[in-house]
Amino acid sequence: MYLALAGNRRIVLPLCMANRHGLIAGASGTGKTITMKVMAESFSDAGVPVFLCDVKGDVSGLCAPGEKTEGVERRIDRFGIRDCFAYKGYPVCFWDVYQQGGHPVRATVSDMGPDLLANILGLTPAQQGVLNILFRIADDNGLLLVDLKDLRAMLSHISDHRSEYAIQYGNIAAQSLGGIQRALLPLEAQGGNLFFGEPALDLHDWMRTTSDGRGMINLLDCTRLVQNPALYASFLLWMLSELFEQLPEAGDPEKPKLVFFFDEAHLLFEGAPKALVQKMEQVVRLIRSKGIGIYFVTQSPSDIPDSVLAQLSNRVQHALRGYTPAEQKAVRAAARSLRPNPAFKAEDMISELGVGEALVSLLDANGVPGVVERAAILCPQSRMAPADDVTRRAAMSADGMAKYDRSVDNESAYETLADRKAAEEEQARLAAERAQLEKERAAFEAQKQKDAEAARKKQEKEAEAARKRAEKQLEKEQAARQRAAERRQAQIERQLINTGAQVLKRGLMNTLLGGGKRRR
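Numbering (our numbering), first residue to last: 1 to 520.
Hints listed in this document are in silico derivations from the structure and should not be mistaken for laboratory results.
Some hints here could point you the wrong way.
To be verified - Label-pair restraints from in silico Cβ distances:
| # | residue 1 | residue 2 | range |
| --- | --- | --- | --- |
| 1 | G142 | E327 | 50 to 60 Å |
| 2 | A326 | G47 | 35 to 45 Å |
| 3 | D348 | V390 | 46 to 56 Å |
| 4 | V368 | N132 | 38 to 48 Å |
| 5 | A385 | E188 | 51 to 61 Å |
| 6 | D389 | G47 | 23 to 33 Å |
| 7 | G178 | K56 | 31 to 41 Å |
| 8 | A326 | V390 | 43 to 53 Å |
| 9 | N8 | Y323 | 48 to 58 Å |
| 10 | D45 | A385 | 13 to 23 Å |
Heads up, the beta-carbon is just placed ideally off N, CA and C, and yes, glycines get one too.
Build the full structure now, drawing on both the sequences and the hints.
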């Protein structure tokens, strides 16, 4: 790949060394973006798919032909590329996590994994431990974690069943569950609800070539994403990790399978947890064997941790201005990272470079770093200005990635747990109804027994009252008979007395009368 011209000597990058990674550094306005575009165009022409981050929104012009100007024409002749240069656009596929400037980029919560997700959320070690338990429970129960509502549903489910899960998985503190719930709020505000979902991105769709053999340039609109550095860094690290896990070993291929350009690379490391930096270092070091090349674009090499910087073999150093002691130190560090050229002192040269010039040190075909050269970077063949919306939409309609434009909401943990909870609530409702029926039945039986007892008592009471009435009636009748008998007896006695009195009277009269007759 012809990238720059040092005097009359062409500076080229052998494609077989392009997966040794690289660095494009320099102060603002020195030409880093142009260098990135030139390299992306060269990779595409070589049939190598490219991914690059459009942080400032000024790279989208790759999809449109460049404009013919007097300055560009002079550079074409200067670089000796009149026979192969053409004002042309490149096959660009636009992507955007926020679904505005390109096709949606989505991943599932399960794909992200608990460790990266914990870094995005800024969780404490205790909270990260609980998040690991959550993922384990989801795996053991066949619950798919696709989007953030699945994650929230799992948190609520575990909260409701903490005592049950604690026996098998260990203690699950309610405070940790609450902390994770709170941490999801800013992630949702940053667009996490758009990023997590389906259809999830198939990274092989970034490794396409066109019918004419050019590599597809996948351009991620990062103008909003970089405002959320944690999400930006973790997304890019997830992407590299997924590629590392999915791709087979490639050894030393003739050309890379895919090349990444990470603009504003300092955002990947500023304030990043040590674990995240170590993971990035590991991925950068190992992904080369998968045929993946990574190029960091930043202002100063000091923006990149030394452990990562040591893996970047191809260097393009644009101008740095050393006005302050800290800036002067950065200039010296940048110069010392390049293979010295006896013809000049790199430390002095860095501050003298003009726009579009750079100190370039690339690997040769044997993997040996070339001596640093002061070189002029080629001019891009595509438009230097951003593409307009019409051009962008036209490119999107023709790139074959419309399958990502509409989100789908397949059955996952949220639906499964919602159905399970609904079933549990239905069972609880039925159990409550059964309990209520049993209670009402028991109350009915109790009332029935009570009524029967009351009826029995009433019957007994009525019977007793009837008995008493009968006894009273009998007593009255007996009293009446007694009175009648007494009346008859008294009557008889009166009659007897009357009869006796009459007999006595007659006898007395007869006696009296008889004595008188005798006297006469």
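Quick rundown of the hints versus the structure:
1. G142 <-> E327: 50 to 60 Å: holds (56 Å)
2. A326 <-> G47: 35 to 45 Å: holds (43 Å)
3. D348 <-> V390: 46 to 56 Å: 47 Å Cβ-Cβ, so the 46 to 56 Å window holds.
4. V368 <-> N132: 38 to 48 Å: Taking Cβ atoms as reference, V368 and N132 lie about 45 Å apart, which means the hint holds.
5. A385 <-> E188: 51 to 61 Å: Given a distance of about 35 Å, which is not inside 51 to 61 Å, the answer is violated.
6. D389 <-> G47: 23 to 33 Å: Between D389 and G47, where Cβ atoms are some 29 Å apart, the hint holds.
7. G178 <-> K56: 31 to 41 Å: holds (39 Å)
8. A326 <-> V390: 43 to 53 Å: holds (45 Å)
9. N8 <-> Y323: 48 to 58 Å: At roughly 34 Å between Cβ atoms, Y323 and N8 fall outside 48 to 58 Å, so the hint is violated.
10. D45 <-> A385: 13 to 23 Å: holds (21 Å)
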